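So the sequences go chain by chain: X and U. By the count of the UniProt record's numbering, the first sequence reaches residue 368 at its end, each step adding exactly one. By the count of the UniProt record's numbering, the second sequence reaches residue 347 at its end, each step adding exactly one.
Please keep in mind that the hints were generated in silico from the structure rather than gathered at the bench. Here the structure is a predicted model, which means the values were calculated and not measured. Glycine included, each C-beta is placed from N, C-alpha and C at the ideal position. Each statement offered as a hint is correct.
Reference excerpt, derived from the structure (chain U facing chain X, CB under 7 Å, subset only):
#, residue
1, T13
2, D74
3, R77
4, R294
Simulated coverage check for chain X against chain U, where a stretch passes if three residues somewhere in it have a Cβ under 8 Å from a Cβ of chain U:
#, stretch
5, 27-34
6, 102-108
7, 203-217
Here are the computed distance ranges between Cβ atoms for each label pair:
#, chain 1, residue 1, chain 2, residue 2, range
8, U, E289, X, F164, 40 to 48 Å
9, U, E256, X, F284, 50 to 58 Å
10, U, L117, X, Q34, 19 to 27 Å
11, X, R199, U, L104, 38 to 46 Å
12, X, A33, U, S280, 29 to 37 Å
13, U, G341, X, L153, 52 to 60 Å
14, U, S244, X, G48, 55 to 63 Å
15, X, G206, U, T62, 39 to 47 Å
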Amino acid sequence: MTGLQDRLTPAQIEEFGREMDAIRRRIVADLGAQDVDYIQNVIKTQRGLEVAGRALMYFPPAWPAAVTALAVSKILDNMEIGHNVMHGQYDWTRDPALSSQKFEWDNVAPAENWRHSHNYVHHTYTNILDKDRDIGYGILRIDPAQKWHPYYLGNPVYATLLAFIFQWGVMLHDLEFDRIVRGERTWADTKDVRGKMLRKAARQVGKDYVLFPLLTGPLAPLTFAGNATANLARNLWAFSIIFCGHFPADVESFTEEETENESRGQWYLRQILGSANITGGKLFHIMSGNLSHQIEHHLFPDIPARRYPQIAAEVRAICEKYGLPYNTGPLHKQLFSVAKKLVKLALPPTPQRESEEPSTLGAEPKAA
Amino acid sequence: MGKLASLAEALLTPHGMDRYLELVDPMLVRRDLRGVVTAVRRQTTDTVTLTLRPSRAWRGFTAGQYVRLTVDIDGVRRTRCYSPTGSQHHDGLELTVKADPQGLVSRHLHTHARPGLVLGLSQPDGTFTLPHPRPERLVLISGGSGITPVLSMLRTLADEGHDGEVVFLHYANSADDVLHRDELAALERPNLRVVLGYTDDGEYFSLEHLKTAAPWYDTAESYLCGPKQLMDPVRELYAAEGLSERLHTEEFTPPELTFDTGSATGQVRFAHSGREVENSGRPLLEQAETAGLRPEHGCRMGICFSCTQVKTRGTVRNAKSGELLSEENEEIQLCISVPVGDVEINC
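Take the sequences, apply the hints, and build the full model.
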């Protein structure tokens, strides 16, 4: 079977791994005050927008501005700040406010649960079927290697619903509900995780849907609606960026056998084949937490995300040198590709449909 | 006020009030502890004395204790321990930092400290303090920059109008190297004597010295802080006289630690991050750093306890005391703990 391990010769994969390590070493050696200044500026902007958003709720004509400020604040908080800080990208600063272990984000998913499911499970087992729980999140069929079931006819509907309530989806992801249904995990096993979810969700819901609305007195319904809209905007945006990072066509997935005894170079290779980038301007990259550079993020999840654009051209050049794909495109193209896949994989597999899928499980025609 | 503050905390969840207040002014923080430099004085060519006004959460200190001072250097927070030199009865905090040619933080402070600089602070720590009620007779012995905790005791006693006998015996290279010389002179009174010894003139600590300065030393409580070259002979002398119980000490120079890297065995597992390395026989802090982790730490010499973590499994040797620690789930200091065989740390 042609698989991950046959993409490059052993000598090539070793050299490729060394080139990736060299990029990492160079960036790590260059980390310093400029990286801290950058993240502090983003934090200042985010906190400023949050305060502005809350304050503008008192002036009904400014409602759209209030919602925009709050939505942008929540997006920055979750993506460029929270996601990246919790990856340990700033742990080297030893600033407790930038510590991966202490940071908590403006999201109902508790940081501690997320660090396990995302940083550990997803980033270690990226796109390995049955191990990476981000493949379809236990509810979607997003890879042809997932066995079809009539349940998946609802694929596009589930995805759409998930987009609207994305932060709750991220939160519930840790319950591993599908495994409870299959009897692999008991409800009692989730007690600890549930406790954290409840406490975090109570605080988040309390401030957005009770305290802040009450504080605006007669404007409470408008504030309530404004906060809900801001949360919704963040959900839709985060969903789009994240789905475009992993689920466009041509992104590959792998089997456990393929990835056994993986070398450092093979690990890097899997990260590249399993991720996709989105092209765009500087502001777009900041608003996506630089996850528009998902490939670079997966290669180096713990170096500050602002560095990804700096190394993207180099990573791409190395990919070209080794004949590896570098999946990238504008947001609309990547989104369309994801949507198409969601619809196609909702239907039961037919020989033609599956063969159109270039990805997955050694379907590559290049024979060893 | 308490209710208002908790409402504000609830509204500003998850980041909390300090993360917003500090954007207005870093000293407005309520829970975090910081100090703003209000005065900078360079008494000798290689020292800098800072006066700090701590933020609201500061609870004050007891003479002889130390605080952890944190400063950002090229984006990285660096923490070191310093003993306040002022009286515990004064507001604020005075710290004297000696610029060690190898010292990143001390050199940085020596060069860059200026009024208005905001530094991170910890609540005070340490048990090198005077008892209550104050002993009738006291001998305070220090050397070099070891003067800091002892001077704080001296100034505190002076503020309290302590009327027992106090002798302060201090050693420096030369007269110019005596920190806070003017303050020391001002403290002198009939029952409080300051005796200075200059090692450049060959005046090292001796029994003679002690007997001349404080003939009643064997009925006094003694407090000692300084370099090893001073602490060792003082300790030996007190031990020989059967007075060890009356000698209280504070270490501020790294103890000489020995590591047997040749015969190290076992695996070190850092449970939280899932990293595992072969035991190199070096302290766990270094092994964690080699494994790419960045655990919180301070002095790297077993003094400040910033690097304390829970050992979930295995045995470690305390390189300072030689003691073996093999209980499950016990707290150890990473910087001076060396694994003996397989060890698992929760970091």
